[in-house]
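Using the hints, position chain B against chain A.
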Amino acid sequence: MTPATGISLKEPTISGAAADAEQLERARIDASTRVPVLMFYASAMVWLLIGTLLAGFVSFKLHAPDWMADVSFLTWGRLRPVHMNIMVYGWASMAAMGTAIWLMARLCRTTLRHPLLIVTGIWFWNIGVLIGVVAILMGYSTGYQWLEFPPYAALVLFVAYALIMSWAVLMFRFRRGNQIYITQWYLLGAFLWFPWLYAAAQAMLFVAPVQGVLQAAVGWWYGNNLLFLWFGTIALGTAYYMIPKVIGRPVYSYHLATIGFWTYALFSSWTGMQRLVDGPFPAWMITASIAATILTIIPVATVGLNHHMTMQGYFPVMRYSPTLRFTVFGAMSYTVFSVVGILISLRSTARYVHFTEATIAYSHMGFYAFFTMIIFGSMYYIVPRLVGREWRYATLIKLHFWASAYGVGLMSLMLLAGGFVQGSSEQSPSMPFIESAASVLPYLRGRTLAALLLTISHFIFAFHFGLMLFGLGRTSTVPTFLNPVEAEGSESPL
Amino acid sequence: MKGLLPLFLGLFGTFAFSWVGLTVIPNMQIGALNPQMDEEGTDIYPMPKSGMAERGRRIYAANGCIYCHSQQVRPDYVSADLDRTRDAGPSPRPKWAGRRSAPRDYIFDRPVQLGQERMGPDLADIAKAAPGEEESPATVPAGTAPAASPAAPQSPAPRANVAATKPGVSAPPTTLPALQATGANPSPTPSPNGVPPAYSAAWHHRHLYSPRSMSPDNLDSTMPAYKFLYEKHQISGEPSANALQLTGPDAPPPGWEIVPSYDAKCLVAYLMSLHQSHPLKEVRSAGGAAPVPAASPPATPAGSPPPAPAKK
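Taken in sequence, the protein lines are chains A and B.
So for the first sequence, our numbering puts the first residue at 1; every next one is plus one.
So for the second sequence, our numbering puts the first residue at 1; every next one is plus one.
Looking at chain A on its own, in the form it has when it is part of the complex (with noise of 0.2 Å):
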């Protein structure tokens, strides 16, 4: 169908048998995936809601710090590590590996084999960060940022990553045809970096503890890692199918997709020792970080212009398309989480803001605005062809949109400006400590509002997504529509 517009919303017609059987195909592969990736997205839909209770409950409690004293497993330092871990291992790593898994076996054309196993391994994984998440409360965190679950927690999770993807690396195995796509490389890279990078942690950490200051080395090593070679992997693995398939257009770019996977990979995984900026640590570590920082504007650049070119022409589409919004949506934050990062990490601006809050908005716009609305974005593409059904409200997809948007970057922005003004009131000695550490008060509060936002968005995404699970979407051949097509006649593009 071709809308007005002059712009085709769906794949491109092939022909007659040839498109028939191809959707024939694509429709068997989408069956064979059905059960593990809808039981992915339902644990992380599960944990993305008790996750953001935890995150208002925790930005309450900074307004409220004598509420609730006297019960030690609902204390601010013990509640804070179990939101961050519900995030990244509960929600984040879930639909992550969900999205993975459907779009790999889509791209190696071969139906998923044995998914009961997967099955087993998403249980394990469910079991692993729900025991991570009680032995914190109950006062066993390791102490480790991002690393608060106990080893035998991780252990857990480490058996259920590996029961889940082995399975995809042999679908891999399994693929028809010789091309490995550009979203393929992002995806292999992320299956074997996550367990070596986990592996060596734990192991650099509990196993064989490295001495001292170097345990908070290893520790942001693992925290930037994780977050670029992990999930920032998988979330432009995730654009890079995405985009192109909703506007029925190849990417624009192979060569620069090559540079920006290959200088992502190599820049990325350098950073992380910024965070540690004038510590007691040699000061190669730290500037070895600071320039891999600053050329990751390398690939930034060349992503960004990939996926810009990709669009270009096709910008109008975001009106219509849930997917293609949120992914345009979390493809730019990619840039400018990045930009952000550099900027932050500089020396001259990293002693104002070292210490202070600024270091959150950074995590949450690699979390949230780049990598969490990138996997909205395939949850609104995949769900679908799983349930058979298309979504039902167009208005809700438009208010978890929009919510999500103001949310995270209101929170950006109340962070990063109260973290400036928080690192210069610390710079200046003669006002009293308590002071400085008061003058963030009102930005944090600026952040309750956004945690609202935030939490309204999850819950109206949640409900949607359970109106799919149990059957309740609209039976329909047309995919839901942000904004109704044929009414747009006689509007130009752009």
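The set of hints was computed from the structure by calculation and includes no laboratory data.
All values reported here derive from a predicted model rather than from experimental measurement.
You may find that some hints are simply not true.
[Unchecked claim] Chain A regions said to be covered by chain B (calculated; three or more residues, Cβ under 8 Å):
no.	segment
1	69-76
2	270-281
3	434-445
Backbone N, C-alpha and C fix where the C-beta goes; we use that ideal spot for every residue, glycine too.
The following block gives chain B in isolation, referenced to the frame of chain A:
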């Protein structure tokens, strides 16, 4: 991309490069530091913490103190950390620290708690701010762990920080009594509203129990109250010696008392063991006391504020 092999080699190679570069090589460089000692082998720094303080570190980690408190002091050319004084304490207020932190300060720390944010003040050198007499006895039952810190009475040397208080002295004098070295009020007496001397063990207990009760300036503090680390007992016979002296709304009803749990005692023992005041050969101390002569700026007279950091 042509072929699988280059792809896998590339994926493997890029990450191996980062792994070796950012974790393995630093481990070879600073991964096996030893404590520093003088020629006689007596003045050893740092020392492993006592058992109670080690347990306190677990409590510190378990309750997420790290999310708001750093334990690292930045050098004076990038930050005001070394110029900053603590918010409480006798006048002149104790400094945050006498010198920047160095890798050697942390060789016995596991998990290391460097921190990434400062919603609360830095704690790297918090024990040095404690009043002299308050050091060990209050929280640690006699006969268990030697003291709350390596700065036990039998080894006063690590406490003798020359940096902040004795500029111009280039060698660590090991004979200074701890009291003089810390520059603390020689006779700490509780202030009229019942708050114990700042940064003493009793002060930490009260601060953990009720952070906003310490002074009118402290009402903005966002620190959670750790009431769950304390126990409420009915007084039978004599009141406990370590009961918290509380006033106002926090005070227990008559006949009851609030006493620290063992975990709370360990946590405070840990806090009372946090100090980085001992000079290190590799670190230039602020204000001019410089074990490395070439790198030291002119000494500033005692009592005058140290030079402001160069703001670029």
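Coverage of the segment 434-445 of chain A by chain B, judged on three or more residues with CB within 8 Å
holds (count 6)
Checking C-beta pairs, does the segment 69-76 of chain A have three or more residues closer than 8 Å to chain B?
Since three or more residues must qualify, the claim that chain B covers the segment 69-76 of chain A holds, with 6 doing so at under 8 Å.
Closer than 8 Å, Cβ to Cβ, for at least three residues: run that test on the segment 270-281 of chain A against chain B and report holds or violated.
The restraint on the segment 270-281 of chain A holds, since 9 of its residues have a Cβ under 8 Å from chain B and three suffice.
No hint from the list above goes unmet by this structure.
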